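Asks: Residue numbers (my numbering), protein chains in the order written: chain A, 1 to 346; chain B, 1001 to 1188; chain C, 2001 to 2380.
I should point out that these hints are in silico values taken from the structure, not numbers from a laboratory.
Keep in mind that this is a model prediction, so the values were computed, not measured.
Heads up, the beta-carbon is just placed ideally off N, CA and C, and yes, glycines get one too.
Covered by chain A, per the in silico footprint, the following chain C stretches (three or more residues, Cβ under 8 Å):
1. 2122-2133
2. 2206-2220
3. 2349-2363
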Amino acid sequence: MDDWLIAIIKVVCIWVWVLLIAVVMTWVERRGAGMMQDRPGPNRAGPFGLFQPIADGIKLFTKEEIIPLKAQKYLYILGPLLFSLPAFSAYAVVPFGDKIILGGKEIILQVSDVNIGFLFILAIGSMAVYGVILGGWGSTNKYSILGGLRSTAQMVSYEVPLGLALLAVVFVYGTFSLREISLAQQGTFLGILPNWGIFKQPLGFILFIVASYAEANRVPFDLPEAESEIVAGYHTEYGSMRLGLYLFGEYVNLVTISGVIVALYFGSWHIPYIDLGAYLGPVLWGIVSFCIFFLKVSFFLWLFVWVRWTLPRFRYDQVMGLGWRALIPLALFNIFITALFIQLTV
Amino acid sequence: MDLKKRVEECLGPENLIVAMTECQGDLSVEVPKRSILDVMHLLRDTPDLSFNFLSDLLGMDNLDLYKAKKKPKKKAEGEAVEEEEPKEKGPLPPRFEVVYLLLCLERNERLQVKVRVPEDDMEVDSLNSMWKASDWPEREVFDMYGIRFKGHPNLKRLLMWDEFPAHPLRKDYPLEGQGEERHLVYEE
Amino acid sequence: MNQATSQIGQEQELGELVTINIGPSHPSMHGTLRIITLTDGESIVKADPEIGYLHRGVEKLGESLTYHQFIPITDRLNYCSAIPNNVSYEMAVEKLMGIEVPEKAQLIRVIMMELARIADHQVCIGILGVDLGAFTPFFYLIIQREEIYEIFEWFNGARLTNTFGRIGGVDADLPDDFEERWEELKPNVRKANDETEKLLTHNRIWMDRTIGVSAFSAEDALNWGFTGPCLRACGVKRDLRKDEPYCMYDRFNFEVPVGKNGDVFDRYIVRMIEMEQSLRIIDQAYKLYKEMPADAPLMARVPKVIKPPAGEVYSALESPNGELGFFVKSDGSANPYRIRIRPPCYMVFQAFHDLVQGEMVADLIACLSSLNVIAGELDR
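The following block holds chain A by itself, in its conformation from the complex:
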């Protein structure tokens, strides 16, 4: 098979797979909420409410598309697109397994292994901010503008500690490519600790997780959508499939972020202490590595849901204070310590 055909198949597979996860995440979120709140959650549409996402999808698809009279039409339509498409595109550089050998050809389980790796993700992720601001501004509604402004400020502010934490990762591994970082997380160091990023960069891990919660607009940083304060923030005036794109884009964002966290800090597709790739055959290893990666991603997705239904949300000035006054100095400190460490041990 030609390479381009393989690439297309990978793109399609990944697109469908991420979409599926996002869809299932809506179900997980609601059932998880019910579980934590001592109530059933959706249980009518199919067994255990499993068809609830389908029902939601049908509802969103078949609703009437309304554009408010005073809205700026093109900005209004462009907003959701700019928000959700980057979320999908960012997943192109995240590995979802090691390689698989099919028909004599070695195929890596990653859409494309560019050497700028997560820099690409950061860049594409910044485009999502445009989606929020265009959505808020284009709605021409006081609450939407307020929500859009808040969200934009929050997302832009937290990109800094995100990037700084990732910079420290570059120091440790010497490369931006997510695949190479994943490969480097095999084995152990110091005798007992696995080579996972979380042990080499504990502070970086915490910074990255906090900053990514803020980037994803999830509780405790979800004040752009704080329902009781400003109705629904930047997507107040959206309905039907455009709202669907916003909500979907959020979940896809979560999947991407979880993928990046697992790839960088949680050992990607490796299991600690056992090198499965050496024992299993190439095809089986491809499938197993994919499953391991997916399991780890699910853990982080569940963590997002868990935190959402546990913590209250921050106030706007507290969010900004945390980002600028706490996370950025810590991130700089992290870089400094990492550089010092590397200098001393090399």
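Got chain A sorted already, so can you dock chains B and C onto it with the hints?
Replies: Coordinates of chains B and C only, in the frame set by chain A:
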């Protein structure tokens, strides 16, 4: 000392007591309308009384009480009496009343202070300078009865909409209302 | 349209101030009230509350009904806890007529009122959590509130607006299985409160959101006529159950929690502690109740048609929100001449501008939730 005696000692010398009644343990003092602020200051500042908490403020319309008083007279005379204007029978007590409910926090004593408001002079001094708690109750009395409070910073209607033409809690306002509607004008 | 908005609109033209209109229909679940806020960026310059959207003319209605017929209407005042409203009105009429309520009826009243107090505080704290983003404690508390509703329903058929009691006492005895229900409810309520405390009280985010928000001094609170948890949070130890005891409250042993700063956190803590104290009171009341003979009277001797002697009284009790008082004036006929309801959250809400001035918009929501403003009581 008994509360009644203490109030008499405080307000009596200045001729500020018009009447004093007691009902089931609740003491009520009627004071002249023009001196309500002085009375309140005396009640609050006299260490013997120190009524430092304004619990509530309400208005009352005594129109029906006067109508009811006339009925037994007609029956006693035994003959059909033509409709007479109440004014011709001699001056009736003022129609409206404002009742202030005071509380002394330290001694847990309550006192009702009343002020009668005649229909032709419906203005009372506002207590807003003493207790901010009188803010909304006075607005409500104005809304419901039409009694104005002099010195209130924001005397607008509270429960009814601003352009409502009548005062609903008056006795001559029917329970079903008089058909006022609110016409909303949407600006284009 | 409205003088308030036009006034604020004029101010808005003078600077870069933005008018935000919160309400009357708002996802913040507080009833129909409207707050017209003038903000400078995120901080509040002026907050003008506007009420009257739920005004039903209850006081005027009372003048055309009989004394008995007014009891169901008092349910709908503070609809989160209807029983203290009923009892307060009944106590006012009983005071006017000089009726002495038998002890067994008083104990039943105490038990029911304290259950209603727990229910009200559960809703208030749950909604405070929801408004600040903590969705889960709401469910833990509401599930226990459903159990309290079950007891109310078993008592006289209504869950929310129980027309509880009659003038002169109580209409029915406690249900036979009250003891089992109570023994089952008590640890569950305690557990739900514990879970809520674990999630919220020492949570750093919760403390950041609530400590110092809309702090109010005790003198200001007294000047504005505050009563109830909002006053106790400011540091004033004032509780009508202790200061002017009614319904045998002087026989029970319970604490009155007092806060320090009068901020949202203090109001939340005061309500949590009051729930625990209510559980203690119900225990003691039920013990006294069990010692009463089974055929003790539930109602005093009250004529069929209630015609109190002419006069006017004011009687108040400590409802979950504060001092709920009824001023009843009778002219000797079967209809009340004037009924005035002193709503506790009326006095609290009029100080709203002072409470939130200088705070941020998000704090406004937190403050509004913590005051437990119930539109039915505000507007009557």
